[in-house]
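**Q** The residues making up each chain are set out below.
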Amino acid sequence: MSETANSAGLGGNVVLDVHELQTHLFTKWGTTRAVDGVSFRIHEGETLGLVGESGSGKSMTVLSLLRLLPEAARIVGGRILLDGDDVVQMGMADVRRIRGRKMSMILQDPQTALNPVFTVGNQLMESIAAHRGSNGTRESRANVKKRALEVLRMMGVAAPERRLSDYPHQMSGGMKQRVVGGIAIESQPRLLIADEPTTSLDVTIQAQYLRLLKQVQRETGVAILFITHDMGVVARMCDRVAVMYAGRIVEQGSVQEIFDAPSHPYTQALLGSIPRMEERVARLTTIEGQPPALYALPRGCRFAVRCPHAHDRCEEAYPADFTGPGGHTAACWLLEETWKPMSS
Amino acid sequence: MEADVLLRAENLEKHFPVTEGLVLMRTVGRVRAVDGISFEVRRGRTLALVGESGCGKTTTAKLVLRLETPTGGTISMEGQDIHALSGQGLRRFRTQVQAVFQDPWSSLSPRMRVAEIVAEPLVVNKNVSRGEARQRVLELLNDVGLRPEQADLFPHEFSGGQRQRIAMASALSVAPALIVLDEPVSALDVSVQAQIMNLLRDLQAQHDVSYLMVSHNLATVRYLAHEVAVMYLGEIVERAETDDLYEHPLHPYTQALFSSALPAHPAQQRDEVMIQGEPPSPLDPPSGCRFHPRCPFAKAVCAEVAPEWKEETPGHFVACHLY
Ligand SMILES: Nc1ncnc2c1ncn2[C@@H]1O[C@H](COP(=O)(O)OP(=O)(O)OP(=O)(O)O)[C@@H](O)[C@H]1O
Ligand SMILES: Nc1ncnc2c1ncn2[C@@H]1O[C@H](COP(=O)(O)OP(=O)(O)OP(=O)(O)O)[C@@H](O)[C@H]1O
Ligand code: SF4
Ligand SMILES: [Mg+2]
Ligand SMILES: [Mg+2]
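Residue numbers (numbering that gives the first Met the number 0), protein chains in the order written: chain E, 0 to 343; chain L, 0 to 322.
Derived from the structure by calculation, the hints contain no laboratory data. Every value quoted in this text rests on a predicted model; they were computed, and no experiment measured them. Note that the Cβ used here is the ideal one computed from N, Cα and C, for glycine as well. Mixed in with the good hints there might be a few duds.
[As the list claims (entries may be wrong)] Ranges between beta-carbon positions, derived for each pair:
{"hint": "1", "chain 1": "L", "residue 1": "Pro16", "chain 2": "E", "residue 2": "Thr111", "range": "25 to 35 Å"}
{"hint": "2", "chain 1": "E", "residue 1": "Ala158", "chain 2": "L", "residue 2": "Leu23", "range": "48 to 58 Å"}
{"hint": "3", "chain 1": "E", "residue 1": "Gly288", "chain 2": "L", "residue 2": "Arg112", "range": "39 to 49 Å"}
{"hint": "4", "chain 1": "L", "residue 1": "Met111", "chain 2": "E", "residue 2": "Thr284", "range": "53 to 63 Å"}
[To be verified] If you only want the chain L side, here are some residues facing chain E, beta carbon under 8 Å, derived:
{"hint": "5", "residue": "Ser52"}
{"hint": "6", "residue": "Gly86"}
{"hint": "7", "residue": "Gly88"}
{"hint": "8", "residue": "Phe92"}
{"hint": "9", "residue": "Ser158"}
{"hint": "10", "residue": "Ala186"}
{"hint": "11", "residue": "Ser190"}
{"hint": "12", "residue": "Leu217"}
{"hint": "13", "residue": "Arg221"}
{"hint": "14", "residue": "Asp242"}
{"hint": "15", "residue": "Ala260"}
{"hint": "16", "residue": "His264"}
{"hint": "17", "residue": "His320"}
{"hint": "18", "residue": "Leu321"}
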């Protein structure tokens, strides 16, 4: 597996190594296999995009990493190694210590991440003080404030001194998301998890924000896990892509490979269904039907009912992972002849 | 050309008063949501209004739907001012103009069955009985890709994409000349968006209906619209046929907007016309050209004088001092 990183041109250390992660939800309908054997790695300074349609298990994967799962959910298998330490096995006290420090998070809606009754300066400085175990002396308070201004400046906030005394409702969505980003990167985390952070922003503001994240990454070497359903965000932001379908990763590879040579029928269909700004495409490809319910999964390939290439084999057994050019992997029986089986 | 025009907006304006105080409400300002715009929707064609949040797209759509009253200017359809209609004329208007909104979760009444929802505009506006409407409903469901047995289900039994299909069937029931689409696919999953976009195209050809579409997704607009008007702070800054606009954007704001859009492929590099900051408040828009504080090409005159509307090439209009 480590040749994956080299062939993608990124030689850094592995920051996050998720192996065969399984997170199930126990509900009145039965067991929902929201995350069902998911494996990926992210290296220093690298961005992995996790894409897939609504309900495919992206957020459940993220919540597993952070151990912030809803009550009905449990990690039932696999490892989550962050710098070699298994988050799955950690006690909650240890998890709380790394959350917000070693790995932090930016969510889709900045509204929920900020408390409406405190100023943003107050919230930012409180989190800095907490990370530093600041003792509240005049000197340490001054240092915390200095750091807060530095972080806001890094996130491209103009006139940060004035902004410190603003309440969240006085700020635009883009500005709030910068503050949330500032809180997330302040502790210089090893891993930044971004779950659809720009979906609620306007295009020009989104472009500014994505550029900013890239710049922060260049300066700090933070590894980024970027959750999105927008292939444009992937094209702009990511080094590698993992495509999720019904609780599993069906294809993974460098952005170039995924865009130029998508090998799983789902990825192919997904890319064909996106209109382009550059030309008026004749007709968009569509994927008819819906993904299977995660509490009543078929035995074979989960995409089979919607797949234009499905054959008997696909209904009988879930396809193995195969490895193709450049460390590109995909789980589809069509690749059995041409690609190598992946050793686990 | 003239004969083609279905709907025409001239110097359309909608200002919202901003009030202060609870008892004696004093007007302390006006939000210039739509501030003197003109456009035409042609028969059987799609005009898209694009622009960022707050530029006035939805307000324009509501003015066309008569859900808001203009504070200035007119909208006319077949030579009639739509805001002066009453009686027979108004009833006719209600069958000629329909709407489909962004949120398929809240726009359909949860207690009505699909057949009732689809037949509603027919029953209300054309005095058709529910029994007579049934056959038409089944045809429409077929047109939008739903099965006849789904007619008796409730909206919560459908996915987001299916609900947008139901909304389209309902809008089409009265054979309207115009459907206003406000962000019709932005709440849907990518693969479902493609289904609905294809459906919108097919239905337009089949039913010969015009669309006035509001969207902030430039790729969606390229796929669906024949003509595009770019809005900034309540004004239209550029208007052209879709291909012309996308291949030769003239206004610096249009250029910035297009270059901010995400690429369809990782190898794609754009010549970025980057703009700094965020749009100013429509309460107190900048003098001269409203874009001048953010414009990388602004000249002295831009802060002073509002640019005139100019036909730079045939059918391609722009309001900018560079031209
Ligand atoms: N609290 C919960 N209780 C029960 N099931 C849940 C809960 N949260 C999520 N699920 C289910 O888990 C599955 C995975 O959901 P998840 O939120 O991870 O999807 P996602 O890929 O993030 O989708 P989206 O793009 O819509 O955010 C879905 O089938 C969902 O219905
Ligand atoms: N009823 C109202 N009273 C006061 N101001 C309003 C009202 N409706 C809209 N506005 C203001 O008018 C401006 C234009 O709003 P509009 O909803 O038309 O924008 P939009 O282009 O549709 O934006 P979005 O992309 O966010 O939907 C905004 O500044 C908005 O706050
Ligand atoms: S395994 Fe079969 S059904 Fe699944 S994607 Fe490949 S060809 Fe299609
Ligand atoms: Mg999610
Ligand atoms: Mg709107």
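**Q** Each hint needs a verdict: does it hold in this structure or not?
**A** Do the hints match the structure? See the list:
1. Taking 25 to 35 Å as the suggested C-beta distance range, the pair Pro16(L) and Thr111(E) conforms, at roughly 32 Å.
2. Taking the beta carbon of each, Ala158(E) and Leu23(L) are about 36 Å apart, not inside 48 to 58 Å as hinted.
3. In this structure the supplied range 39 to 49 Å is violated for Gly288(E) paired with Arg112(L), their Cβ-Cβ distance being about 24 Å.
4. For Met111(L) and Thr284(E), the hinted distance range of 53 to 63 Å is not satisfied, since their beta carbons lie about 34 Å from each other.
5. Among the interface hints, the one on Ser52(L) holds; its C-beta lies about 5 Å from the nearest C-beta in chain E, closer than the 8 Å criterion.
6. Contact between Gly86(L) and chain E, as hinted, is not supported at the beta carbon level, the nearest pair being about 42 Å apart and thus beyond 8 Å.
7. At its closest, the beta carbon of Gly88(L) sits 38 Å from a beta carbon of chain E; the interface hint therefore is violated under the 8 Å criterion.
8. Violation of the interface hint for Phe92(L) is found here, the shortest Cβ-Cβ separation to chain E being roughly 32 Å, above the 8 Å cut-off.
9. Checking Ser158(L) against chain E: minimum C-beta separation of about 7 Å stays under 8 Å; hint holds.
10. Against a cut-off of 8 Å between C-beta atoms, the interface hint on Ala186(L) is violated, since the closest Cβ of chain E lies about 10 Å away.
11. Hint status for Ser190(L) relative to chain E: holds, with the closest Cβ pair at about 5 Å, below 8 Å.
12. For Leu217(L), the interface hint holds, the least distance from its beta-carbon to any beta-carbon of chain E being 5 Å, beneath 8 Å.
13. Annotation: interface hint on Arg221(L) holds; nearest CB of chain E at approximately 6 Å, less than 8 Å.
14. With 8 Å as the threshold, the beta carbon of Asp242(L) comes within range of chain E, its nearest partner Cβ sitting at about 7 Å, so the hint holds.
15. At about 5 Å, the closest approach between the beta carbon of Ala260(L) and any beta carbon in chain E falls short of 8 Å, and the interface hint on this residue holds.
16. Annotation: His264(L) was flagged as interfacial toward chain E, and the flag holds, the nearest CB pair being 5 Å apart, inside 8 Å.
17. Hint status for His320(L): violated, given a least beta-carbon distance of 21 Å to chain E, over 8 Å.
18. Interface restraint check for Leu321(L): the shortest CB-CB distance to chain E comes to about 19 Å, outside 8 Å, so the restraint is violated.
Of the numbered hints given earlier, the model fails hints 2, 3, 4, 6, 7, 8, 10, 17 and 18; all others are met.
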